[in-house]
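Participant: Sequence:
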Amino acid sequence: IYVNILDYGAVPNDNKDDWAAIQKALDELKQNTGSGNYVIFMPAGTYQISDTLQPPNSASYYTLMGEGKMATQIRWFGSKGKPMIKLLNARGTVLRDFGLFGNGGAIPSYGIEVHIDKTKIGGGAPTGTFFENLLIANYYGEVFDVGIGFTSGPEYDANNEGGTFINVDILNANKYGYSFEHSNSLNHNIYSGVVTAKEAAINNINPNPVPWNPENLQFGTMGGSFAVFGTLMNVKSGGHIFRLGAAHHSIMIFGASVETENGSGLLTTPIPITEMPTTIQFIGGTYKLGGGNIPNVYFDAGVGSILSFTDVTLAGEGNWEFPSSGSKVIINGGVYSIVDLKYNNEVLIDGSYNSAGALGFNPLNLGGGKLKITDSSGGFDGLGWFGRQRFDVGDQTPSVQGWDYFEAYYTTLTTITDFKDGYPGKEFTLFVPNGNLIIKSGAIRTKDLKDLSVPAGSFIHFRKASPSVGGPFWWIENIE
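Going by the working numbering, the letters in the sequence shown line up with residues 1 to 480, in that order.
Keep in mind that a hint or two might mislead.
What the hints assert, rightly or not - Lysine-lysine pairs mimicking DSSO-like chemistry, simulated, CA-CA at most 30 Å apart: (1) 236 to 372; (2) 16 to 82; (3) 342 to 288; (4) 82 to 198; (5) 372 to 198; (6) 198 to 80; (7) 342 to 328; (8) 30 to 82; (9) 236 to 288; (10) 236 to 86; (11) 236 to 370; (12) 16 to 80; (13) 30 to 80; (14) 30 to 86; (15) 198 to 288; (16) 328 to 370; (17) 370 to 342.
Note that these hints are calculated values from the structure, not bench results.
From just these sequences and the hints, can you work out the full model?
Facilitator: In structure tokens, the structure reads:
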């Protein structure tokens, strides 16, 4: 079944309201939903709408299509805070080949909102929406808050999943590009396309959160799981590319290309959910971050959660912060620019190069974390971080004075360049299992005030001199 909106009275390029005509064509879906071969066609041209285009509740298995993302344009002249297109409990719906343009005078809430109001899990709940070759844009003051959003009321926990997005461009969103705003908005796949936004390219936190309640399945603080493949993303100052609720999700980003403005970052989890674990994986890709006074990466997740980076190139010096215990961060291969690392969990860095050498790599243990570095090199500032903050490298043993045992893993030449008086204890032991460690004479009291080379397999025992003997300063008690 093939329906042309011109047959229902829509007239392109006449600067008049076409909402009633297009909506009338959509209303025909009441009689044809579920057929699987129903097409509503919007020919090339510009159409104005004064209200939300909304197919009937539960209309499914149809296609709404134009002749190209710039050829068929729908422009908003409705009220502020409404979506331009809203799908309600839809299954197997296809939207393709048209563009949506907001309005700076009356900003729509969403370009496209996919909403669910069913209260039971499964059993006909929305799934399988397909978006291809769409443009949702803000040009010349034409503004919208969110490009594409998957939403529900806080009392609902039915599946709203399986969205596929191919070559979708969301440009200059006032808030978010994509927004997955409830617990079972799952298994979305984003392929190519461009996303630029003010606050986040991808958000999965409900803007109206409610406490997690297992008795009535109220999930309000988190959104869905998704995968991103080769998408170009950008956010403005103060925003993050990914704004995530850390709760029972699997999120994967493959080969993305990211650039952010000054004062913006890659990832934040502003509402931690400790009851459920989450997994976030970055695989390949290039990230150029603006840095500034907010963390480039902020990961606050529940016990069992994992954040991993594999062969990622991340430029832009900034801070990384992992405040929750029980989670794990894995950095495997790639090039990074970490200036300050604050952690209360387990952080494993293997085979990586830290390019923030000019400023050094300054870890700060927030309480009970573990940092282990293997087969890595670059701007870790030697071991100059030791006296700067309370922290540990590798396995540690607590003592009255603080951590008193450090185990460093290096296969490249490493240099101790600076020991400032910040370590809380009076002594500690450093084990060098492989490689060769050079201790600079200006960094610590060494024999004959010369640089000291420490071979692999050595234990170095450090002690802090007391003020009565000219301290406090660090000196090497012995090497064995």
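Participant: Does the alpha-carbon distance linking residue 328 and residue 370 stay inside the 30 Å limit?
Facilitator: With Cα atoms ~9 Å apart, residue 328 and residue 370 stay inside 30 Å; holds.
Participant: Given the hinted pair residue 342 and residue 288, is their alpha-carbon gap at most 30 Å?
Facilitator: holds (21 Å)
Participant: Within a Cα-Cα threshold of 30 Å, do residue 30 and residue 86 meet the stated pairing?
Facilitator: holds (16 Å)
Participant: For the pair supplied as a hint, residue 370 and residue 342, is the alpha-carbon distance within the 30 Å limit?
Facilitator: holds (11 Å)
Participant: Holds or violated: residue 198 and residue 80, Cα atoms, limit 30 Å.
Facilitator: Given pair residue 198, residue 80 holds - Cα atoms ~18 Å apart, limit 30 Å.
Participant: Between the alpha carbons of residue 30 and residue 82, is the straight-line distance 30 Å or under?
Facilitator: holds (23 Å)
Participant: Taken at face value, is the distance from the CA of residue 288 to the CA of residue 236 at most 30 Å?
Facilitator: Answer holds: residue 236 to residue 288 is near 13 Å, not above 30 Å.
Participant: What's the verdict on residue 236 and residue 370, does the C-alpha distance respect the 30 Å limit or exceed it?
Facilitator: Roughly 33 Å separates the two Cα atoms, so the pair is violated.
Participant: Below or equal to 30 Å on CA atoms is what counts here, so check residue 82 against residue 198.
Facilitator: This hinted pair holds, its Cα atoms lying about 19 Å apart.
Participant: Is it true that the CA of residue 16 sits at most 30 Å from the CA of residue 80?
Facilitator: The hint holds at about 19 Å.
Participant: Regarding the pair residue 16 and residue 82, is the alpha-carbon distance no greater than 30 Å?
Facilitator: Roughly 20 Å between the alpha carbons, so the hint for residue 16 and residue 82 holds.
Participant: Decide if the proposed pair is consistent with the structure: residue 236 and residue 372, CA atoms, cutoff 30 Å inclusive.
Facilitator: violated (34 Å)
Hints 1, 5 and 11 from the list above are not met by this structure, while the remaining hints are.
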